[in-house]
Amino acid sequence: MSKQLETKFNEILFKNPVVPASGTFGFGREYEAYYDLEKLGGLCSKGLTLAPQSGNTGIRLWETPAGLMNSIGLENPGIDAFIENEWPHLKSLDTVTIVNVGGKDEESYLKAIEKLNAIDVKLIELNISCPNVKAGGMAYGMTAETAGDITKKVVAISNHPVMVKLSPNGDSVAEIAVACEASGAQGISLINTIQGMAIDYKKKVVVFDNLYAGLSGPAVKPIALRMTHQVCQAVNIPIMAMGGISTWEDALEFIMAGATCIQIGTMNFINPLAPIEIIEGLEVYCEKEGLSNISEIRGIV
Amino acid sequence: MAIIQSNEFVSPGICKMTVAFTGAVLPGQFFMLRAWDKDPLLSRPISVHDYEDGKLTFLYQVVGKGTEILSCLKAQSEVTLQGPLGNGFPQIVGDLCVVGGGIGIAPLYYLMKDYKKKNPHGNCRVYLGFRDSSYCVESFNAIADEVNLNIGGIITDQLKVAASEVVVTCGPEVMMKSVAKVTPAENQVYVSMEAHMACGIGACLGCTCATKYGNKKVCQDGPVFLSGEVFYV
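These protein sequence lines are chains A and B, in that order.
If you count by full-length UniProt numbering, then the first sequence holds residues 1 to 301, one letter each, in order.
If you count by full-length UniProt numbering, then the second sequence holds residues 1 to 233, one letter each, in order.
To be clear, the hints were calculated from the coordinates, so they are not data collected in a lab.
In this text, all values refer to a predicted model and were calculated from it rather than measured experimentally.
From the three backbone atoms N, C-alpha and C, an ideal C-beta is built for every residue, glycine too.
Hints are not guaranteed to be accurate.
Claimed, not checked - Just the calculated beta-carbon pair ranges, DEER-fashion:
#1 A:VAL205 x B:ALA20: 18 to 28 angstroms
#2 A:GLU280 x B:MET1: 32 to 42 angstroms
#3 A:GLU249 x B:THR22: 28 to 38 angstroms
#4 B:VAL233 x A:GLU6: 22 to 32 angstroms
What the hints assert, rightly or not - Within a straight-line C-alpha distance of at most 25 angstroms, the following computed BS3-like cross-link-like pairs (lysine-lysine) qualify:
#5 A:LYS202 x B:LYS65
#6 A:LYS153 x A:LYS203
#7 B:LYS177 x A:LYS203
Assemble the whole structure, with the sequences as input and the hints as a guide.
What follows is the structure, given as structure tokens:
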């Protein structure tokens, strides 16, 4: 394999900058029927919480033009079941496994992080931005103060590097990123879904039991790109960017805006091979442009 | 990509598409179909209506933008298929009684045909219910031992299940619940569930269905479940 896409995210070496995003990839098993997961730069686990969660009731998905609203509500087996049932498999893969962690309060975040100290995770994605459930921690992600505070506490006890996943729904995302960096975060990922709403006018009711839901997909890409650019300008820690990336051209735009790695989310649902096609597209691009490494075009705009 | 061999309306709002396909396909499984770029964003889960000699048939109702686009595709054009997906119906031991409501009849035809092939002496009875006009009834008539048709009424009012029969139902949830209710507890009832789906392969957790044994994914653990598993309250 060529080294043109090799990417260092702090000290962590990724074969390429492409990572399926949390909540769109389970724990990887569903996609193994489609390709070898070791082709990926990394993969990000379904959002985990200390205790298992059964998720939200009612309709969980709603399409919008070129977009998808979801209200899954962090359905997950809990950290213990993850470590027992999924980690041995993920650990065996030659790719960077990122574990996404959410929480409903400080205690549940810290207990979850403590449990993960026992396993050899390469990177924690601290979810302070799930808009669909209290346990998703969005309340922490709305202001620089609360985001910085929880980040500091998590970083203090975590054996692993912590990347904070930011919400596009709160205060200035650049200010929040700066606070996370100052609190010891070793990376930033963004954006989580944009909070939206759907109404079924025929039934005269709101669509989601949880009232509001998170919008993702190609429709959100320009917003995600703008926020990525703002955060890249504001901090010195690496950024893992996402939001509507569906082609290698999209991925390239985020890298040009300054992202070190990119995550593929909703597109996994549309085309299970999307991450692989994006990796291949980026390889061809580097070849054509005569780049010795993709980093040469990072942050050029 | 699959090549469409035919794609025609068989009744107002009901379309039948046949595509070339090779590989194993079980009755009750489904495919994700798409023939567009990013709007609508998601593929459409469509159950298998028939599969024989490299011809895969879908019977689907035009309900929104996606199925509207599908219904306009011409023969020889391409459609993207992902599948087959889902568990499919179990092997039926004993006689078979199928109960379909509206477009829910779609997967039951292939089930019945497959059953008759494997059990030439088995008895297969069919109940089909439609709101306004019926469709595809003649194809059920050609294979089933008995076909009961109901238009505009309540199909379960007629339903009488024999002790030897396994019941399989697909249609509106209220109808399937009613089928489960009027069937004696000794008979097995299998239901094919429907849900909003994004990925179709068990990754998005959008189609989660609460069951007696906790959350299950309609796309991956189903779409076929024992009625007692999903109608347990």
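Enumerated hints in conflict with the structure, sorted upward: Per hint list: 1, 2, 4, 6 violated.
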